Amino acid sequence: MIASDSIRLQAGALYGFIERQKNLYKRYWAWEVVWFVYSLVGVLSIGYLASGLEALGGGGAHFDVRSTELYLLAGALLWSYLSLVFMEVAVAIAWERWEGTIEYTFMAPVRRVTHLLGICTFALIYATVRSALVALVVVGLFHLDLSHADLGSAFVILLASTVPLVGLGIFTSILPLLSPEKGEQMTFAVQGMILLVSGVYYPLSVLPGPLRLLGAVSPLTYTLQGVRACLLQGSHVAAQLPVIGLLLAMGAVLIPAGLATFGLAERRAKRLGLLKRSG
Amino acid sequence: MTPAIEAKNLTKAFRQTGGLPWKRREPKRAVDDVSLRVERGSVVAVLGPNGSGKSSLVRIFSTLLVPDAGWARVFGHDVVRQPGAVRRHLNRVSVEASFFKEMSPWENMLYAARLYGDVSGRLRPRVEELLDSLGLQRDALDRPMKQLSRGQQQKVAIARSFLTSPSLLLMDEPTTGLDPRSKREVQHVLRELRGREDVTVLLCTHDLEEAEELADRVMILDQGRVLADAPPDQLKAGGRTLEDVFFALSGKEYEAEPEEVPA
Chain L
1 MIASDSIRLQ AGALYGFIER QKNLYKRYWA WEVVWFVYSL VGVLSIGYLA
51 SGLEALGGGG AHFDVRSTEL YLLAGALLWS YLSLVFMEVA VAIAWERWEG
101 TIEYTFMAPV RRVTHLLGIC TFALIYATVR SALVALVVVG LFHLDLSHAD
151 LGSAFVILLA STVPLVGLGI FTSILPLLSP EKGEQMTFAV QGMILLVSGV
201 YYPLSVLPGP LRLLGAVSPL TYTLQGVRAC LLQGSHVAAQ LPVIGLLLAM
251 GAVLIPAGLA TFGLAERRAK RLGLLKRSG
Chain A
1 MTPAIEAKNL TKAFRQTGGL PWKRREPKRA VDDVSLRVER GSVVAVLGPN
51 GSGKSSLVRI FSTLLVPDAG WARVFGHDVV RQPGAVRRHL NRVSVEASFF
101 KEMSPWENML YAARLYGDVS GRLRPRVEEL LDSLGLQRDA LDRPMKQLSR
151 GQQQKVAIAR SFLTSPSLLL MDEPTTGLDP RSKREVQHVL RELRGREDVT
201 VLLCTHDLEE AEELADRVMI LDQGRVLADA PPDQLKAGGR TLEDVFFALS
251 GKEYEAEPEE VPA
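Chains as they are written, first to last, in the numbering used here: chain L, 1 to 279; chain A, 1 to 263.
Source of the hints: derived by calculation from the structure; they are not laboratory data.
If you're wondering where the values come from, they're calculated on a predicted model, not measured in any experiment.
Treat each hint with caution, since some may be false.
Said to hold, decoys possible - Below, in silico cross-link-like pairs of lysine to aspartate or glutamate (EDC-like), each with a Cα-Cα straight-line distance of 16 angstroms or less:
| no. | chain 1 | residue 1 | chain 2 | residue 2 |
| --- | --- | --- | --- | --- |
| 1 | L | Lys-26 | A | Asp-142 |
| 2 | L | Lys-270 | A | Asp-229 |
| 3 | A | Lys-236 | A | Glu-213 |
| 4 | L | Lys-22 | A | Glu-102 |
| 5 | L | Lys-26 | A | Glu-102 |
| 6 | A | Lys-236 | A | Glu-192 |
| 7 | A | Lys-8 | A | Asp-229 |
| 8 | A | Lys-101 | L | Glu-99 |
| 9 | L | Lys-22 | L | Glu-32 |
| 10 | A | Lys-28 | A | Asp-68 |
| 11 | A | Lys-8 | A | Asp-32 |
| 12 | A | Lys-146 | L | Glu-32 |
To be verified - If you want the ones that stay clear, here's a sample from chain A, every Cβ over 10 angstroms from chain L, calculated:
| no. | residue |
| --- | --- |
| 13 | Leu-141 |
| 14 | Ala-228 |
| 15 | Pro-232 |
Stated by the list, open to error - So these bits of chain L aren't anywhere near chain A, every CB distance computed over 12 angstroms:
| no. | residue |
| --- | --- |
| 16 | Glu-19 |
| 17 | Glu-54 |
| 18 | Thr-128 |
| 19 | Gln-225 |
Don't be surprised by glycine CBs; every beta carbon is placed ideally from N, CA and C.
Between the sequences and the hints, there should be enough to build the whole structure, so can you do that?
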């Protein structure tokens with residue numbers, strides 16, 4: 001009975017975090033239009049870069065502009081989605097810090113895992129919707145040939161990638177907890193590093209050795225490899241099982257590690273009295 | 001019966017930031033060897049000027065601050081080792097009304113209710129009743145918090161704390177920054193809580209009259225130390241005022257400067 005009450009409370013709280021984020025974003029709908037345009041412009045720039053490579057004389061005789069466009073646009077779209085998840089998770093914690101409500105969240109009978117999963121769930125939903133809208137525009141504008149693509153398999157890989165992504169999101173949320181002033185900006189530095197080593201716009205083979213090593217531990221590397229294989233070569237989900245397994249294994253490590261590290265940061269903040277805004 | 005709050009030799013010091021790293025300043029003691037016992041159903045006022053340690057004490061009891069030494073229990077649960085059990089019993093009103101200012105009072109209340117598993121079909125009428133009792137107009141319920149006055153925001157904060165039906169209410173300067181009428185309305189609600197066995201109130205205030213009028217017991221705090229802890233009448237024995245008591249015990253004038261409240 002006590003266990004079922006507790007589960008009901010945590011489930012209600014999880015929904016409460018998602019609903020809270022939805023209510024906050026509702027107030028900023030006009031800004032959401034601006035951010036959508038920003039995401040679209042970023043992805044389109046990469047698409048036109050691919051189109052322009054041929055005009056610049058790049059690539060040689062075997063250069064296939066259509067597949068290069070698809071290669072780079074897949075990277076740009078995935079990056080748009082993944083970077084949004086990081087940012088939204090960090091913004092949610094930074095928002096709580098600025099408003100001073102984080103003390104009330106930490107004081108409520110809610111488990112930290114519920115709190116963070118609630119925030120991550122909203123970030124995933126939000127990033128999916130925004131990126132899907134961008135993808136619709138991009139597919140229409142570039143007349144991408146997806147006839148050989150296995151979209152279902154690409155979707156399964158994307159779904160598997162959300163598990164390590166939640167782990168990374170939890171890690172990202174630690175930064176604004178430690179510093180409301182600089183933490184959110186620090187997430188850009190982390191994002192930049194992931195962008196550099198994960199082969200978003202180029203194959204990992206062009207990177208120097210140490211960066212390639214870092215790329216090997218980034219879940220984004222495998223997500224991109226898997227999704228690109230499905231989109232460009234029509235690879236089936238069965239052939240991508242090792243990638244899916246690796247992503248899930250990474251998530252199995254990253255989520256508990258992220259929660260444990262967040263717990264350490266929370267304890268530090270409580271020891272040093274860093275949670276209070278004033279009063 | 002287990003008391004609502006019990007603490008022994010609580011101590012908390014904060015590192016003083018700023019200056020050169022090799023010229024470290026002595027940590028500032030916010031709570032200095034505080035022991036106290038608050039019985040269930042009582043209203044205890046913690047009276048003290050700015051920086052006396054009132055808010056730090058409240059944060060320790062609400063599991064938001066870890067003491068350096070000593071221990072504290074809320075309804076028998078240790079605040080450091082059993083924070084989850086402590087949190088089920090309490091709620092807090094802080095000097096600054098901490099809300100998502102873009103959201104409406106209703107959305108903030110709904111969010112709070114979800115965190116405490118207290119959502120039912122009767123939530124909206126309950127919220128309206130609570131806000132009515134605090135004198136907040138109904139049309140304010142769906143406007144963004146940032147459009148409400150400081151007094152209205154504080155009333156919503158108080159209503160939010162009542163909404164979760166806590167057994168222990170930690171009220172940290174709940175009337176600071178309110179206009180006289182709002183202050184009276186909030187004090188009226190606090191007065192109604194007196195004598196209710198199911199709610200214990202720890203009221204931190206810099207307001208001598210408020211402490212005297214609302215509390216069963218007054219604890220005077222200065223520089224983190226407890227100077228006195230007794231019923232108001234006992235403290236005022238011999239025709240003294242609480243201000244006189246503070247002067248006699250601390251050797252300095254009582255500065256009733258309210259906490260600075262962010263806009």
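Okay, the hints, checked on the actual structure:
no.	hint	in the structure
1	L:Lys-26 with A:Asp-142	holds (14 angstroms)
2	L:Lys-270 with A:Asp-229	violated (28 angstroms)
3	A:Lys-236 with A:Glu-213	holds (12 angstroms)
4	L:Lys-22 with A:Glu-102	holds (12 angstroms)
5	L:Lys-26 with A:Glu-102	holds (10 angstroms)
6	A:Lys-236 with A:Glu-192	violated (24 angstroms)
7	A:Lys-8 with A:Asp-229	holds (14 angstroms)
8	A:Lys-101 with L:Glu-99	holds (7 angstroms)
9	L:Lys-22 with L:Glu-32	holds (12 angstroms)
10	A:Lys-28 with A:Asp-68	holds (12 angstroms)
11	A:Lys-8 with A:Asp-32	holds (11 angstroms)
12	A:Lys-146 with L:Glu-32	violated (20 angstroms)
13	Leu-141	holds (14 angstroms)
14	Ala-228	holds (24 angstroms)
15	Pro-232	holds (25 angstroms)
16	Glu-19	violated (7 angstroms)
17	Glu-54	holds (47 angstroms)
18	Thr-128	holds (23 angstroms)
19	Gln-225	holds (40 angstroms)
In terms of the numbered hints stated before, the structure departs from hints 2, 6, 12, 16, listed from lowest to highest.
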